[in-house]
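Undergrad: All chains, please: the whole structure from these sequences, using the hints.
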Amino acid sequence: MPSLRLSQVSLHYGPAALPVLQNVTLNLDRGEFVSVIGRSGSGKTSLLNLAAGFVAPSAGRVEIDGNPVTGPGPERAVVFQDDALFPWRRVIDNVALPLKLAGIPRAERLERARHWLAEVGLAGQGGKFVWQLSGGQRQRVGIARALTARPRFLLMDEPLGALDAMTRDQMHELLLKLWQESHAGALLITHSVEEAAFLSTSVVVLAPEPGRIVHVEELDFGRRFLAGEDPRALKSEPAFIAARERLLAAIHEKETAR
Amino acid sequence: MTDIPLEQPQAEPAARRRLPWGALIGVATIAALVGLWALATVLGWASPVFLPSPARVWAALGRAATDGYANATLWAHMGASLWRVFTALFFTLLVGIPAGLLIATSRIGRGILDPLVEFIRPLPPLAYLPLIIIWFGIGEPSKVLVIAIAMLAPIVISTASGVRAATESQIRAARAFGATRGQMITEVMLPAALPSILTGIRIALGAGWTTLVAAELVAATRGLGYMIQSAAQFLVTDMVIAGILVISALATISELALRLVERRFLPWIGRA
Chain A
1 MPSLRLSQVS LHYGPAALPV LQNVTLNLDR GEFVSVIGRS GSGKTSLLNL AAGFVAPSAG
61 RVEIDGNPVT GPGPERAVVF QDDALFPWRR VIDNVALPLK LAGIPRAERL ERARHWLAEV
121 GLAGQGGKFV WQLSGGQRQR VGIARALTAR PRFLLMDEPL GALDAMTRDQ MHELLLKLWQ
181 ESHAGALLIT HSVEEAAFLS TSVVVLAPEP GRIVHVEELD FGRRFLAGED PRALKSEPAF
241 IAARERLLAA IHEKETAR
Chain B
1 MTDIPLEQPQ AEPAARRRLP WGALIGVATI AALVGLWALA TVLGWASPVF LPSPARVWAA
61 LGRAATDGYA NATLWAHMGA SLWRVFTALF FTLLVGIPAG LLIATSRIGR GILDPLVEFI
121 RPLPPLAYLP LIIIWFGIGE PSKVLVIAIA MLAPIVISTA SGVRAATESQ IRAARAFGAT
181 RGQMITEVML PAALPSILTG IRIALGAGWT TLVAAELVAA TRGLGYMIQS AAQFLVTDMV
241 IAGILVISAL ATISELALRL VERRFLPWIG RA
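Same order as they appear, the protein sequences are chains A and B. Each residue of the first sequence is one higher than the one before, starting from 1 at the first, in my numbering. Each residue of the second sequence is one higher than the one before, starting from 1 at the first, in my numbering.
Among the hints, a few may not be true.
As the list claims (entries may be wrong) - Covered stretches of chain B, going by a simulated chain A footprint (3 or more residues, C-beta under 8 Å):
hint, region
1, 63-70
2, 175-184
3, 258-269
The hints are simulated quantities; they were obtained by calculation from the structure and are not laboratory data. Yeah, the Cβ is synthetic: ideal placement off N, Cα and C, and Gly gets one too.
TA: Printed below as a string of structure tokens:
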């Protein structure tokens with residue numbers, strides 16, 4: 001089973017500064033959905049940047065199937081907090097960009113881009129410009145762009161943070177479906193406990209100063225939704241509420257444990 | 001109760017009002033200035049040698065267009081000047097955009113090019129014109145070169161600062177999707193810099209038209225600047241003013257054309 005693995009990873013900017021992350025070990029297999037939550041300053045985004053290969057760890061290893069990660073790579077696709085789309089390209093060309101960069105012929109990449117646009121519910125919107133879309137639509141374009149490259153790992157940095165609650169709920173269901181169809185391993189950075197609890201097979205709680213893992217919760221609500229259960233019923237189950245409360249408690253735990 | 005039907009008719013004039021006010025005020029300002037000019041000549045505030053009437057300037061324009069002035073028709077002068085300005089722009093873009101990219105993306109590039117651009121930027125064209133002529137002669141290349149030097153700094157600086165319009169996450173996205181260094185430039189940095197480069201072209205064209213007369217000071221036989229100078233030597237002020245108005249009209253037309261290009265082909269500018 002291919003996996004993206006962070007082993008005993010630390011990250012600090014300068015020797016005097018407190019580590020942003022300290023001794024973090026995290027494993028992401030294909031077919032898993034791992035969410036990372038924690039207060040601001042706990043190093044959530046740094047964790048994603050390490051996994052994406054945007055920054056190198058100060059200590060420890062980042063590996064894919066045992067091979068060290070030295071930078072970004074096509075097997076990992078990233079969805080950004082601000083959509084990071086290119087306003088000078090039409091929607092379809094934004095989605096097709098990873099394929100263009102990989103040198104895939106125009107006809108084929110447009111066909112594949114159209115397929116993923118349809119998958120995120122934006123069929124027929126490819127000719128528009130980015131500024132003609134709503135915030136939720138833009139994020140869906142960002143997700144389609146990430147999936148076009150057929151990544152083995154989908155890394156998402158608070159992609160839904162700027163969306164309203166109703167759009168978020170729709171996006172959750174979409175994300176789960178896309179995760180299932182793409183057979184990718186998903187890593188989601190979020191500050192929504194509910195979102196993490198609903199989507200994930202595993203939720204990792206980070207605490208700040210230094211950023212470290214303080215709690216891990218294994219869950220199956222996302223899988224049960226994909227098996228056909230009703231999302232609102234799932235979210236009002238005692239098991240869901242209990243999991244949410246445990247995660248909240250882990251986030252807000254006083255620093256006495258140290 | 002009657003409030004409700006009133007709402008819709010109120011909303012419509014707002015859309016209608018957007019259309020021509022700016023342009024109308026502009027036309028009115030120009031009309032007022034021409035009126036004042038005509039009034040000044042009619043009332044004899046200045047000698048016709050210093051300030052010929054609008055009608056005489058118009059007549060001079062007609063004369064230059066049909067009979068020609070200073071060895072060539074107005075059209076030939078215009079053609080020569082336009083050719084010089086746009087050839088200079090072409091070569092400036094060819095050199096200036098890569099230079100701006102180097103400044104923005106490479107520390108070595110910035111180290112080498114930044115001081116050079118800052119050296120060239122404040123130089124008045126009349127100051128380096130003699131040197132250009134000593135080095136490159138009095139032919140056409142010298143004239144184009146003088147204009148190109150005046151245009152270079154705005155293009156380089158606008159490109160370099162435009163590249164910074166690409167956001168950190170846009171650059172990371174391109175990296176994550178496997179962009180090579182070359183693709184990063186063609187797919188992200190240049191498009192991100194385009195709005196700024198267009199502004200640079202506008203400023204550069206302004207500098208180009210300003211420098212035109214200086215470039216045509218020496219050994220030119222065609223060109224609007226040459227026409228103006230020939231007229232000035234014989235105190236033919238109506239022709240001088242006619243030449244100035246033609247330059248101004250050409251500059252305005254090229255500015256409007258740039259705006260049209262921007263709206264037509266780069267509709268995303270300012271809406272990211």
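Undergrad: So, for every hint listed, does it hold in this structure?
TA: Now the hints, each set against the structure:
no. : hint    : in the structure
1   : 63-70   : violated (count 0)
2   : 175-184 : holds (count 7)
3   : 258-269 : holds (count 3)
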